[in-house]
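Using the sequences and the accompanying hints, generate a full structural model.
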Amino acid sequence: MAGAGAGAGAGAGTTTHGPLTGVRVVELAGIGPGPFAAMLLADLGADVVRVDRPGGPALGIDPEYDVTNRNKRSVVIDLKSEDGPARVLDLAERADILVEGYRPGVAERLGVGPGVCHARNPRLVYGRMTGWGQEGPLAQRAGHDIAYIAPTGVLGMTGGPDVPPAVPANLVGDYAGGSLYLVVGVLAALHHARATGAGQVVDAAIVDGTAHLASMIHGMVAAGSWQDRRGANLLDGGCPYYGTYETSDGKYMAVGALEARFYDEFVRLLGIEEHAGARTDVARWDALRATVAARFRTRTRQEWTAVFEGSDACVAPVLSLREAPAHPHLAARGTFTDHGGITQPAPAPRFSVTRTSVRSGPARPGTGAAGVARDWGVPHLAEDDRTKDGD
Numbered sequence: 023m024a025g026a027g028a029g030a031g032a033g034a035g036t037t038t039h040g041p042l043t044g045v046r047v048v049e050l051a052g053i054g055p056g057p058f059a060a061m062l063l064a065d066l067g068a069d070v071v072r073v074d075r076p077g078g079p080a081l082g083i084d085p086e087y088d089v090t091n092r093n094k095r096s097v098v099i100d101l102k103s104e105d106g107p108a109r110v111l112d113l114a115e116r117a118d119i120l121v122e123g124y125r126p127g128v129a130e131r132l133g134v135g136p137g138v139c140h141a142r143n144p145r146l147v148y149g150r151m152t153g154w155g156q157e158g159p160l161a162q163r164a165g166h167d168i169a170y171i172a173p174t175g176v177l178g179m180t181g182g183p184d185v186p187p188a189v190p191a192n193l194v195g196d197y198a199g200g201s202l203y204l205v206v207g208v209l210a211a212l213h214h215a216r217a218t219g220a221g222q223v224v225d226a227a228i229v230d231g232t233a234h235l236a237s238m239i240h241g242m243v244a245a246g247s248w249q250d251r252r253g254a255n256l257l258d259g260g261c262p263y264y265g266t267y268e269t270s271d272g273k274y275m276a277v278g279a280l281e282a283r284f285y286d287e288f289v290r291l292l293g294i295e296e297h298a299g300a301r302t303d304v305a306r307w308d309a310l311r312a313t314v315a316a317r318f319r320t321r322t323r324q325e326w327t328a329v330f331e332g333s334d335a336c337v338a339p340v341l342s343l344r345e346a347p348a349h350p351h352l353a354a355r356g357t358f359t360d361h362g363g364i365t366q367p368a369p370a371p372r373f374s375v376t377r378t379s380v381r382s383g384p385a386r387p388g389t390g391a392a393g394v395a396r397d398w399g400v401p402h403l404a405e406d407d408r409t410k411d412g413d
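The sequence shown begins at 23 in the working numbering and counts up by one.
Simulated from the structure, these hints should not be mistaken for laboratory data.
Some hints could be false.
Claimed, not checked - Distance ranges between label pairs, derived from CB positions:
1) Val304 <-> Gly44: 50 to 58 Å
2) Ala282 <-> Pro367: 16 to 24 Å
3) His402 <-> Ser237: 43 to 51 Å
4) Arg319 <-> Asp184: 17 to 25 Å
Cβ atoms here follow ideal geometry from the backbone N, Cα and C, with glycine treated the same way.
As structure tokens, then:
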């Protein structure tokens with residue numbers, strides 16, 4: 023699995039850093055969606071310089087294992103020191119993109135807001151990552167993923183009808199509704215800046231992105247084909263052939279046999295062909311669900327995986343994070359890679375020409391000072407006693 027990476031299948035003569043090679047990004051260190059967005063830009067080949075604060079990371083784990091800082095370089099700058107803002111502005115002057123995740127107004131108070139940055143670099147794309155956004159009644163409120171996705175209606179969609187809403191880790195808000203929308207936004211703004219010479223501010227709010235993710239569902243609600251309650255619809259567990267079922271060993275299988283031909287194969291392989299006509303008969307769904315659950319409990323997850331192997335029944339084993347890298351399909355594709363002793367997801371998506379890879383492990387705070395000073399033309403970074411160079 024090691025070395026397979028995300029560039030498998032690319033031809034000879036490809037580049038080795040990705041389609042954003044040559045793009046310079048300044049990341050003002052934070053936690054959660056900002057660092058992940060910057061990691062994605064770095065995975066795609068951008069030269070990402072993370073500006074860490076003195077005193078170490080805020081994530082609470084050893085920086086050696088924080089893979090969201092892979093493919094980056096780090097410098098340590100104290101923005102509260104007399105010369106701290108000037109050092110960041112020197113980097114911003116040479117950058118294409120800057121990413122920050124402070125509460126609204128904090129970057130301005132620190133002297134590195136979009137106004138002063140654009141005065142030095144009118145082409146700069148200034149990406150702002152927050153939960154509530156730069157404006158609105160809650161803009162100054164603290165929060166985390168679960169609080170951001172709650173008012174959007176998305177959290178209320180998850181889980182069964184008779185239990186509290188399920189908590190989808192911090193994937194839906196922080197990373198899907200936050201990081202990915204920030205990346206789309208700054209790349210779109212970069213395209214505009216290169217065409218016109220004008221940079222701009224990108225206001226990426228988790229509440230906006232998360233609400234946007236549910237666009238299709240809102241259309242279905244308007245059309246009357248989605249009930250605004252949990253566990254009552256085709257894609258939220260209300261349908262007995264779109265959900266998860268426990269196996270005899272306490273593990274689970276996932277079923278997504280929506281279309282008729284897939285459903286027919288599903289009931290055949292499960293051995294319940296007498297329920298072939300229940301697919302469109304909602305009155306029979308409770309009985310179908312009970313039968314499916316009972317059948318899955320008769321064998322282990324491994325045994326059911328073998329039964330459905332090679333079929334179009336749309337059934338798959340539910341794996342844990344540690345199990346996932348060994349799944350035959352993911353292993354064959356190199357969906358995970360090993361770097362520095364850490365098994366981690368490989369860069370995505372994949373490119374036929376501008377291959378991507380994990381080029382370096384998590385950046386340790388301050389270890390990139392000399393290299394950044396040299397490559398970005400800011401020699402005073404290398405003279406800063408608060409940083410140590412390791413590149």
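The hints, checked one at a time:
no., hint, in the structure
1, Val304 <-> Gly44: 50 to 58 Å, "56 Å, holds"
2, Ala282 <-> Pro367: 16 to 24 Å, "34 Å, violated"
3, His402 <-> Ser237: 43 to 51 Å, "48 Å, holds"
4, Arg319 <-> Asp184: 17 to 25 Å, "21 Å, holds"
Of the numbered hints given earlier, the model fails hint 2 alone.
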